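Residue numbers (my numbering), protein chains in the order written: chain A, 1 to 306; chain B, 1 to 256.
It is worth saying that the hints were derived from the structure and are not from the lab. Predicted, not measured: the structure shown is a model, and the values here were computed from it. Glycine included, every Cβ here is placed at the ideal spot set by N, Cα and C. One or more of the hints may lead you astray.
Just so you have them, the derived chain A footprint on chain B, three or more residues with Cβ under 8 Å [stated by the list, open to error]:
#1 13 to 27
#2 51 to 57
#3 78 to 88
#4 119 to 125
#5 130 to 141
#6 170 to 180
No more than 25 Å apart at the CA atoms, straight line, and that leaves these computed lysine to any residue pairs for SDA-like [what the hints assert, rightly or not]:
#7 LYS225/A to LEU149/A
#8 LYS225/A to ARG72/B
#9 LYS225/A to GLU6/B
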Amino acid sequence: MSHFLAPVFAPGFFASEAVHIALGVGALAAIVTGAVGVFTVMRGQAFAGEAFGDIGTTGGSGAFLIGVGPLWGFVVGNLLAAAAMETIGIQRTRGRDLATGIVLGASIGLAALFLYLTTTEQSTTGATITILFGSVFAIASSTVPLAVLLSLLVLSLILTLYRPLLLATVSPEMAAARGIPVRLIGVLYLFALALAAALAAITIGSILGTALLVGPAASALRLTKRPLIAMLTAAGIGIGAMWLGIVLAYDSYEWPPSGHGWPVSFFVVSIIFILYLLSGLPGRRHRRRDTAERQPPTLQALPESR
Amino acid sequence: MVNAWEVASIVAVVAGVVGFFTVLRGSAFAAHAIPNGSFAGAAGASLVGVSTLLGLGVFSLAGAFAIGLLGRRGRHDVATALALVMMLGLGALFLSFSEEYAPAVYSLLFGEVLGISSNDIVPTAILGALCILAVAALYRPLMISSVLPEAGEARGVSRWRMEMLFLAVLALASTMTVPVVGTLLIFSLMIGAPAAARSFTDRPLVAMALSVAIALIVVWAAIAASYTTNWPVGFFVGAISAAMYALGRGWAALTS
Chain A
1 MSHFLAPVFA PGFFASEAVH IALGVGALAA IVTGAVGVFT VMRGQAFAGE
51 AFGDIGTTGG SGAFLIGVGP LWGFVVGNLL AAAAMETIGI QRTRGRDLAT
101 GIVLGASIGL AALFLYLTTT EQSTTGATIT ILFGSVFAIA SSTVPLAVLL
151 SLLVLSLILT LYRPLLLATV SPEMAAARGI PVRLIGVLYL FALALAAALA
201 AITIGSILGT ALLVGPAASA LRLTKRPLIA MLTAAGIGIG AMWLGIVLAY
251 DSYEWPPSGH GWPVSFFVVS IIFILYLLSG LPGRRHRRRD TAERQPPTLQ
301 ALPESR
Chain B
1 MVNAWEVASI VAVVAGVVGF FTVLRGSAFA AHAIPNGSFA GAAGASLVGV
51 STLLGLGVFS LAGAFAIGLL GRRGRHDVAT ALALVMMLGL GALFLSFSEE
101 YAPAVYSLLF GEVLGISSND IVPTAILGAL CILAVAALYR PLMISSVLPE
151 AGEARGVSRW RMEMLFLAVL ALASTMTVPV VGTLLIFSLM IGAPAAARSF
201 TDRPLVAMAL SVAIALIVVW AAIAASYTTN WPVGFFVGAI SAAMYALGRG
251 WAALTS
C-alpha cells in the first residue's frame with residue numbers, strides 16, 4: 001500500500017506531527033467555514049467575510065502590542081468590527097458594501113499603526129505575512145484546543161439559528177411577518193462569521209480563510225439548492241481541497257526551485273477556484289445569458305440602484 | 001516631502017473621482033480586491049525582473065477581467081472574492097520563490113508616502129490623467145448605467161460592458177496608486193471620501209467635486225499629522241476617512 005502510493009505521499013508524510021495537525025485543523029476550518037459560508041454566499045456577504053480576515057490583522061497586532069494572546073485579539077477585534085458594520089448598516093442590501101468598506105479601511109489604518117508601534121522590537125513584515133498567508137505546517141499544538149472550542153461555538157451558533165436564519169436570509173419580509181427578529185438574527189450571524197474568520201485567519205491564514213468561506217459554499221450552492229446538503233457538500237469540498245493542497249505542498253519540497261516547498265495556500269486556492277469553475281458546468285446549456293433568471297429572486301445580488 | 005505632497009494630491013484627485021462611481025455602483029469589494037490582489041503582480045515582476053508597474057498593471061487588469069467575467073455568470077461578491085484569493089495565492093507562490101522580496105510587501109500594503117521620489121511623479125501624473133480622462137469620456141453612460149441600469153439598457157448602454165470598462169478604470173487607478181501609497185490607503189480614500197460626499201449632496205457633479213475635496217483634505221491632513229507624529233500615514237488616512245464618513249452620516253441625519 002505504502003509502496004503503491006509512494007509517488008503521491010512523499011516519505012515521512014504520515015509520520016510528521018506537523019502534517020497531522022495541519023490535516024486536522026485544516027479539516028476543522030473547512031467544516032466551520034463550509035457551514036457559515038453557505039449563509040455568507042446566500043446573504044451576499046462575501047465582502048464582510050473577506051474583510052474579517054483582514055481585520056484580524058488589526059486585532060492580532062493590537063493583541064501583540066498589549067501583550068495578550070493573538071487569538072483573543074482576532075476574536076475581540078472581529079466582534080468589534082462586526083458591531084461597527086452593523087451600526088453603519090450592513091443589514092440593508094443597499095450600502096452593505098460601504099458599511100464593510102468603511103470599517104475595513106479604518107481598521108487597516110489601525111493595523112498600520114499597531115504594526116508600526118511594535119516594529120521596534122519585532123519584524124513587522126514577518127507578522128503581516130504570517131497573518132495574511134498563514135502557515136498550516138506551523139500551527140502550534142497549543143492552538144488546537146482553542147481552535148476546536150471556537151469551532152464548536154460557531155457550529156452550535158449556526159445550527160441553533162439555522163431555521164430562523166434561513167428564513168431571514170431567503171425572505172426577510174416573511175421572517176418578519178412570522179415574528180422572527182430579523183435584525184438580531186443578522187447580528188448573531190455576523191458574529192458567527194466574525195468568529196469563523198478569526199478561527200480561519202489564526203490557523204490557516206486569511207487568504208485561505210476567505211477562499212474556504214466563499215469557494216466551496218458557492219460551488220455547493222450551484223450544485224444543490226438545499227442549504228443543509230449545500231453545507232455538507234461545502235465542508236466536503238473544503239476538506240478535499242485542504243487535504244489535497246497539503247499533500248501537494250508536502251510533495252513540492254522535491255519540485256523546482258528546490259530547497260523549499262510551494263505554499264499550501266497557492267494549491268488550496270487553485271483547487272477551490274477550479275472546482276468553482278467546474279461547478280458552473282452542469283446545467284450550463286439550460287441557462288440563458290441573463291444571470292437574473294438563474295437565482296431565486298430574493299437571493300440574487302441586486303445591483304445598486306437608486 | 002514635497003514629492004509626497006504632489007503625488008498624494010494626484011492620488012487623492014483620482015481616488016475622489018473614481019471612488020465616486022465605486023460608491024455609486026456598490027463596487028467597494030472590487031475596489032478592495034483589485035489593488036490588494038495586484039500586489040501579486042509586483043511580486044511576480046520582481047521574480048522575472050520586469051518593472052513593478054508592469055506587473056501591477058497586468059495583474060490588476062487580469063483581476064478586473066476575472067471579476068467581470070466570473071461575475072457575469074455568478075454572484076458578484078463570490079466572483080470578486082475568488083478572483084482576489086486566486087491572485088493572492090499566486091502572490092504567495094511568487095513570494096516563496098523570491099525570499100528577498102518579502103520586506104517590500106509591507107510597503108506595498110501600507111505604502112511609503114514619505115519615501116516617494118521625484119521619479120514617481122511623472123508616471124503617477126500620466127496614469128492619473130488617463131484615469132480622469134477615461135471617467136470623463138465614460139461619464140454619461142457610466143452614470144446612467146450606475147444609477148438606472150434598466151434605463152441604460154433601454155438606451156443601448158450595455159450594463160456588462162459598462163461594468164467591464166469601470167473595472168478597467170479601477171485597475172488603472174490601482175496600478176498608479178499602489179506603488180506610491182499602498183493598497184490599503186487607496187481603498188480608504190476611494191470609499192471614505194465619496195461616501196462622505198454623498199451624504200452631503202445628491203447632485204452627482206457636486207458630490208464628485210466634494211469627494212475630491214474631501215480626499216485632498218484627508219491626504220493633506222494625514223501627511224501633516226504623520227510628519228509631526230512620525231506615525232504611519234495609512235493610520236491617519238484610515239482614521240480621518242472614517243471620521244469624514246461619520247461626519248457625513250451625522251449631517252445627513254440632522255438634515256433629513
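Now the hints, each set against the structure:
Restraint check on the stretch 13 to 27 of chain B versus chain A: 5 residues with Cβ-Cβ distances below 8 Å, three needed, restraint holds. Closer than 8 Å: that is the beta-carbon criterion, and the stretch 51 to 57 of chain B has 0 residues meeting it against chain A, so the requirement of 3 is violated. Interface restraint, the stretch 78 to 88 of chain B with chain A: holds (8 residues with C-beta to C-beta distance below 8 Å; minimum three). Coverage of a stretch by a chain is defined here by at least three residues with a beta carbon nearer than 8 Å to that chain's beta carbons; for the stretch 119 to 125 of chain B and chain A the count is 0, and the condition is violated.
Under the rule that three or more residues need a Cβ within less than 8 Å of chain A, the assignment of the stretch 130 to 141 of chain B is violated, with 0 such residues. With 0 residues bearing a CB less than 8 Å from a CB of chain A, the stretch 170 to 180 of chain B misses the requirement of three and the coverage assertion fails. Straight-line distance between C-alpha atoms of LYS225/A and LEU149/A comes to about 30 Å, which puts the hinted pair past the 25 Å bound. For a cut-off of 25 Å, the pair hint linking LYS225/A to ARG72/B stands: about 20 Å separates their Cα positions.
Pair hint LYS225/A plus GLU6/B does not hold up; C-alpha atoms about 53 Å apart against a cutoff of 25 Å.
When held up to the earlier numbered hints, the structure conflicts with 2, 4, 5, 6, 7, 9 and fits the remainder.
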